[in-house]
Amino acid sequence: MAAARNFRIGSALARPGKRVEGELVLGHYPDAPIATKVTIVSGTRPGPVLWVQGCIHGPEVGGVVAMLRLLERLDPRRMRGSIACIMLANPTAFRGYSRNTPVDTTNLNRVFPGAADGTHSQQNAHVLIETAASVADAVLDLHSGGDRSRVPYYGLYWAENSDASREAGRLARACGTRDIWASIDDWLGGAMFTVLTKRGIPSLIVECGGGGQVPEAHVANFVAAMTGVAQSMGILPGRPKRFARYRVFDESALIYSRKGGLFRPLVEPGDIVEKGHVLGEIVDLSGKVVERPRASIGPSYIASIRRPWMPVYSGDQIAECNRVIAS
1 MAAARNFRIG SALARPGKRV EGELVLGHYP DAPIATKVTI VSGTRPGPVL WVQGCIHGPE
61 VGGVVAMLRL LERLDPRRMR GSIACIMLAN PTAFRGYSRN TPVDTTNLNR VFPGAADGTH
121 SQQNAHVLIE TAASVADAVL DLHSGGDRSR VPYYGLYWAE NSDASREAGR LARACGTRDI
181 WASIDDWLGG AMFTVLTKRG IPSLIVECGG GGQVPEAHVA NFVAAMTGVA QSMGILPGRP
241 KRFARYRVFD ESALIYSRKG GLFRPLVEPG DIVEKGHVLG EIVDLSGKVV ERPRASIGPS
301 YIASIRRPWM PVYSGDQIAE CNRVIAS
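Per this note's numbering, the sequence shown starts with residue 1, numbered consecutively.
Possibly wrong hints are sitting among the right ones.
As the list claims (entries may be wrong) - Derived pair list, reagent style DSSO-like, types lysine-lysine, alpha-carbon separation capped at 30 Å:
id, residue 1, residue 2
1, Lys37, Lys259
2, Lys275, Lys288
3, Lys288, Lys18
4, Lys241, Lys198
5, Lys259, Lys288
6, Lys241, Lys259
7, Lys259, Lys275
Read the hints as simulated data drawn from the structure, not as lab findings.
The whole structure should be built from the sequences, with the hints applied where relevant.
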């Protein structure tokens, strides 16, 4: 894509040395288009295109704030190629402050590649992925734990024997964190980054924060991740921060509650624990501990944990434990 300087995303037409804005229509309300704001900043010299997006899950707004911060700093005179910021990958989930798409109660990041004639979420996914595939040399998807959970700062890519996967892994190691999830999990087969990587486009996720909060430190982490990836691609000047050693994990185990009540975590995001370690307590309304969920694999990296005293149903996901394979 390096030679494609005047590409289009929706109504936004990239122009060398310019910042342009527009909209990408992802669906339709009964009375209006469902669209996301798109901002493209292009350098004065040709180069690759980095597609960055946020809010594929509605409450995960930290990435949107970080994109706004990054856009303030970009100078086209110091850039090669383009950075395209797609603010709301899932506009209805953003408006509804919901992890799942309110229109059809679907997790958008499980239905890629979608379908032009499918459900609302499938159509949204179809437009996103086909547009990204037509213009992007790499895709960076910004996530957090939203309003329910907290996650550490890590990079995530789909691990397979392909050039796109290896490049995604290289970009993940430029995100400013030493924690890397090289995913092999079937349950992420319908995620946008997985499908794009299998189509030959290096794609990754950066996770950070959540718990219904967006502190400045988390915004700074997202900005560092976008900057590092863009530097690694040669779009921005400078070299990304890299580490001598990375903590790498592959297989994940999702931990679900068997009882309902109030959840009190006993671990922090990013902790490493052994199999059988108590992750927290579920307390009923008499103050009695009714369950102590435990890590089912080990050594485990705590990739997600419900926020303190979050009410939980039986069957709610309260933690994600990822098997550590290098540290």
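The hints, checked one at a time:
1. Lys37 x Lys259: Judged against 30 Å, a Cα distance of about 42 Å means the pair is violated.
2. Lys275 x Lys288: It holds: about 25 Å lies between the C-alpha atoms, which stays within 30 Å.
3. Lys288 x Lys18: Distance ~61 Å between Lys288 and Lys18 Cα, so the pair is violated.
4. Lys241 x Lys198: holds, 27 Å
5. Lys259 x Lys288: Holds, at roughly 12 Å.
6. Lys241 x Lys259: violated, 43 Å
7. Lys259 x Lys275: Cα-Cα ~21 Å, so holds.
In summary, the structure is inconsistent with hints 1, 3 and 6 from the numbered list given earlier, while agreeing with the others.
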